[in-house]
Each structure stands twice: as structure tokens, then as C-alpha cells.
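Participant: Since the structure of chain L is already known, use the hints to place chain B on it.
Each chain, letter by letter, is given below.
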Amino acid sequence: MKRITTINTRDLNKSLSVGGCGECQTSCQSACKTSCGVTNQKCENVNA
Amino acid sequence: MIHQYKLNGYNIVLDTYSGAIHTVDDLAYDIISLYKEKSTEEIITSMLEKYKADKTITREEILSCIEDIKELEKAGKLFSKDIYENRAFDFKNRKTDIKALCLHVAHTCNLNCEYCFASQGKYHGERALMPFEVGKRALDFLIENSGSRHNLEVDFFGGEPLMNFEVVKKLVKYAREQEKLHNKNFRFTLTTNGLLIDDDVIAFVNKEMSNVVLSLDGRKEVHDSLRKTISGQGSYDIIIPKFKKLVEARGGKNYYIRGTFTHNNIDFLKDILHMADLGFTELSMEPVVCAPDEPYALTEKDLPILKEQYELLAKEMIKRDSENRGFTFYHYMLDLTHGPCIYKRISGCGSGTEYLAVTPWGDLYPCHQFVGDEKFKLGDIYNGIVNTKVRDEFKLCNAYARPECKDCWAKLYCSGGCAANSYHATGNILGTYKYGCELLKKRIECAIMIKIAEQNV
Numbered sequence: 002m003k004r005i006t007t008i009n010t011r012d013l014n015k016s017l018s019v020g021g022c023g024e025c026q027t028s029c030q031s032a033c034k035t036s037c038g039v040t041n042q043k044c045e046n047v048n049a
Numbered sequence: 380m381i382h383q384y385k386l387n388g389y390n391i392v393l394d395t396y397s398g399a400i401h402t403v404d405d406l407a408y409d410i411i412s413l414y415k416e417k418s419t420e421e422i423i424t425s426m427l428e429k430y431k432a433d434k435t436i437t438r439e440e441i442l443s444c445i446e447d448i449k450e451l452e453k454a455g456k457l458f459s460k461d462i463y464e465n466r467a468f469d470f471k472n473r474k475t476d477i478k479a480l481c482l483h484v485a486h487t488c489n490l491n492c493e494y495c496f497a498s499q500g501k502y503h504g505e506r507a508l509m510p511f512e513v514g515k516r517a518l519d520f521l522i523e524n525s526g527s528r529h530n531l532e533v534d535f536f537g538g539e540p541l542m543n544f545e546v547v548k549k550l551v552k553y554a555r556e557q558e559k560l561h562n563k564n565f566r567f568t569l570t571t572n573g574l575l576i577d578d579d580v581i582a583f584v585n586k587e588m589s590n591v592v593l594s595l596d597g598r599k600e601v602h603d604s605l606r607k608t609i610s611g612q613g614s615y616d617i618i619i620p621k622f623k624k625l626v627e628a629r630g631g632k633n634y635y636i637r638g639t640f641t642h643n644n645i646d647f648l649k650d651i652l653h654m655a656d657l658g659f660t661e662l663s664m665e666p667v668v669c670a671p672d673e674p675y676a677l678t679e680k681d682l683p684i685l686k687e688q689y690e691l692l693a694k695e696m697i698k699r700d701s702e703n704r705g706f707t708f709y710h711y712m713l714d715l716t717h718g719p720c721i722y723k724r725i726s727g728c729g730s731g732t733e734y735l736a737v738t739p740w741g742d743l744y745p746c747h748q749f750v751g752d753e754k755f756k757l758g759d760i761y762n763g764i765v766n767t768k769v770r771d772e773f774k775l776c777n778a779y780a781r782p783e784c785k786d787c788w789a790k791l792y793c794s795g796g797c798a799a800n801s802y803h804a805t806g807n808i809l810g811t812y813k814y815g816c817e818l819l820k821k822r823i824e825c826a827i828m829i830k831i832a833e834q835n836v
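These protein sequence lines are chains L and B, in that order. 2 is the number of the first residue of the first sequence in my numbering; add one for each residue after it. 380 is the number of the first residue of the second sequence in my numbering; add one for each residue after it.
Chain L with its partners taken away, still in its complex shape:
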């Protein structure tokens, strides 16, 4: 596309079928302790 570049991202719709294993880190446990941001957590599902 000439005027639009799409960045490679995880498709959230598709993650419906493979996600939810819960092995990922608890958001608040890592560094912030005062705010919830989930997007800086890595997915730990090796099958996803």
C-alpha cells in the first residue's frame, strides 16, 4: 500500500483461540506496583 504501512502485531482476534493459559507474569509484580499496563508483559505460551 502506497500510503499505509501496517506494523507486524499479534492479532488479538486470533489469540482468542490460543490464549488464556495464564503462564504470563502478573502485570504489577514486575516493576510498577502502582499502575496496570498489560502490554509490556510477554506471552509465555509456547504454542501461541
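Because the hints were derived from the structure by calculation, they are not lab data. Treat each hint with caution, since some may be false.
[To be verified] Derived coverage of chain L by chain B (criterion: at least 3 residues anywhere in the stretch with Cβ under 8 Å from a Cβ of chain B; other residues may be distant):
(1) 5–15
(2) 38–48
[What the hints assert, rightly or not] As a list, the in silico DSSO-like pairs of lysine-lysine whose alpha-carbon atoms are at most 30 Å apart:
(3) L/Lys43 x B/Lys820
(4) B/Lys698 x L/Lys43
(5) B/Lys768 x B/Lys785
Values in this document were obtained by computation on a predicted structure and should not be read as measured data. Beta carbons: idealized from backbone N, C-alpha and C, even for Gly.
Facilitator: For chain B alone, coordinates are given in the frame of chain L:
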């Protein structure tokens, strides 16, 4: 739902429900903003008028761009529908295993920080150290309630956890024995003010802690103004050499230098850069959590300045990265290709369900921020969760639970925000801490911009 913004020379379009991110030129940016409101002919007329000085913008060019947008819409990467809200996300009835504990091993502290949410470590109660037997039972409780989850997290927290270092060491030893028996993997974190760090602590922490959070507010004068010893002296000069020694010996394992900014240092970028200039590369800086009448509370007037600071930070990080002296900022870390799934994006931090805080005597709370507030007490490590009413409120606390999040583009980045912040700002865990929302949205915009800049598109 989409979100469009311009930052650092980039035109960025986010598609909320698919998670797709696009960078576009000015024409596409304008067309996308009109796409759902205007007809094709109206868009063409409007664009020809706006770009009349640019002879390359023709009717055909505009039509071609509209076709591209249609294609992205068809592919589910633009204007994608919310397919989550009405699906069977039955959060109340879902089974939740516990996977993380914040162990309050010391409700006491050797600092007397004015802004401490934990009331100088006491959490509005008596000073206390967690006995080994309580900690041991807490670890057993975690294993018993963790179901099939393999990775378990334990944060040694306080107060100042190193004031109970011998118990911390014994608990880690016990956990290492138990993880083999139960096929679990413990990941430990220690959050410390640094005063008691010595060679023994460094050797232990660097061997056993998968993450260590070191509290430093930045510049000496900023740090010392609020982070004082019991005798009222600043703690900066004591902790800096200790932090440096610990990090140098850490061998690349995770750590964060973590600061708090207040109304007193709304130019907090200088504090982050001070941390970086000290040689630290893993940095975190959080807005203060406190009552609005405190002299150091952030104000409405501060907000535009704070937002600008986040933008300047993002630009400085790109610059330093290009000079091979980059650093990480916790809230700008994004894993776009292998980040959290939609379940995590909706359910958030898991406080009160997957994540609990344990007091020195074994009481359970939804998270460290609620400890000491009796109405949030969930139960204890001996009898488990008995206050199922509060537990169920937390189960339901997610990106779709807050009415004010309904039309917000950022809800799948923050999961509706921190329950404690909501409660402290509105009296309800399902309220919205709007000030925090404003800061979070700015941080997400900056983080995504950095990712785009990294990919050089």
C-alpha cells in the same frame, strides 16, 4: 474503534480490537478520519480542496487510498468490530488459579519516606516481621492453589524486606525444595530501598531473584527530599554505590531502578536521565499515589507538563538508542508480535484472583495497595479466601467492567486500569482514575511511536 494521533513526525492509527497498528501519510490519515462519517464523494471533494496545492493528490489517488482502507477493514485490521464484549467471557464463574503472591515479609522500614502509601511500612497497623512459618505456609498455599500453572511468582515486599533477610533466605530455600516436588518454577522478586544491601545480599539476590526492584527517585536533591532515613538524612549517597555494585554483579539478569515522581519533580525526565547517566539501563518511574491534599500530590496543572515529559522521554530514548547508549523504560516496553493475548488484555493484573498480598501474620488481600484496609481482607493462608464477595468483585474487574472505559481506545492496553487507583480516586474499584488514564494513554502513544521508529517505517 480506532485511535489516530500524530507524534514525532509519525501519523499513527491504532485499531483497538485487532491490535493492529498502521503508519500513514497525511492524506491517508485524513481519509481514515472521515471514512466512517462521509461518503466516498464527500471525502474526495474534501481532500481535493484540502490538498489543492499538491498536484499529485488526484481523484484517482484518493480513490486508491480509500480502496486500501477498505481492504484493511475487510482483513480485520481497521475498524474491526468488538467481538469480545458479547462472547462468553464469564469472568465471575471462571476458575482462577493463584499464581503470584506479594509477601509482606516486613511491615517496618528503615526509611521514613513522606509519600509512602504503606505508611512508612506499617500499612496503618503495627510494625511486624513475617515469621518463617507464616511465609512457609504462604508458599504452600500458593502451590496448593496454583492448579496446573507452572510459573509462580513471589515478590518479597515491605516495608523493607531486607529487614527480614534471614527469613527471605529460608523461604527461598524452602521454595526451591518444593518446586521440584510439585513441578513448579518459582520466580522471585525483591523490592528494596537499598540501605541494607551488602555483599551477602548481592550474592543471594543475584543468584535467586529473577528480578530486583531498586528504589531511586532520580537526582540527589529529588530523592533526598522525600526518601529520608529515620534520623531525617537523605539516603541517596548511601544507596547509589550499593545499587551500582549489585547491578554490575547481576550479569544481565532483570532489575529495575524504580522511582516515584511527585508534584515536586514534574520535570521527572531529568530524574530518569540521571538514572541512565549513572549507568543504569532498566528504568521505571511511576506517578505518586497519594491523597489529593498532600503537598506533593500531582495537580491538574501538572498534567500537560507530565505528558510533554513522556514525549520528550520517548524522543530522547530514540536518540540515545541510535547512539548505542539506549535504556529501557518499563512503561515503554511493548512486545507487539508476541505480547499478551486477548484474555490477559481484558483481565489485567489479576489482583484479588491470580495475585494476592500476604501480611506478616498471613492475612490475604487483593494486592499490596489494599493491605491494611480491613474491608478488603479476603481471608488468610490457613483458611483460604472466605470473603468471596470481595473476591468476586475483583474477578469482575476488567476492561469491560467500567462504564467509562466503553468508548476508550486504550482499554485493551490497560485492562481498565489499576483497581487500587480506581478505589482511591473514586471509592469504587470499578471507578475510573481519570488522571491515571491520561498518563497511561500518553505512555501507550509514546511506546508505540518508539516501536515504529525502531522499525524505521
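Participant: For each hint, tell me whether it holds in the structure or not.
Facilitator: A quick look at each hint next to the structure:
{"no.": "1", "hint": "5–15", "in the structure": "holds (count 10)"}
{"no.": "2", "hint": "38–48", "in the structure": "holds (count 9)"}
{"no.": "3", "hint": "L/Lys43 x B/Lys820", "in the structure": "holds (20 Å)"}
{"no.": "4", "hint": "B/Lys698 x L/Lys43", "in the structure": "holds (25 Å)"}
{"no.": "5", "hint": "B/Lys768 x B/Lys785", "in the structure": "holds (25 Å)"}
In this structure, every one of the numbered hints holds.
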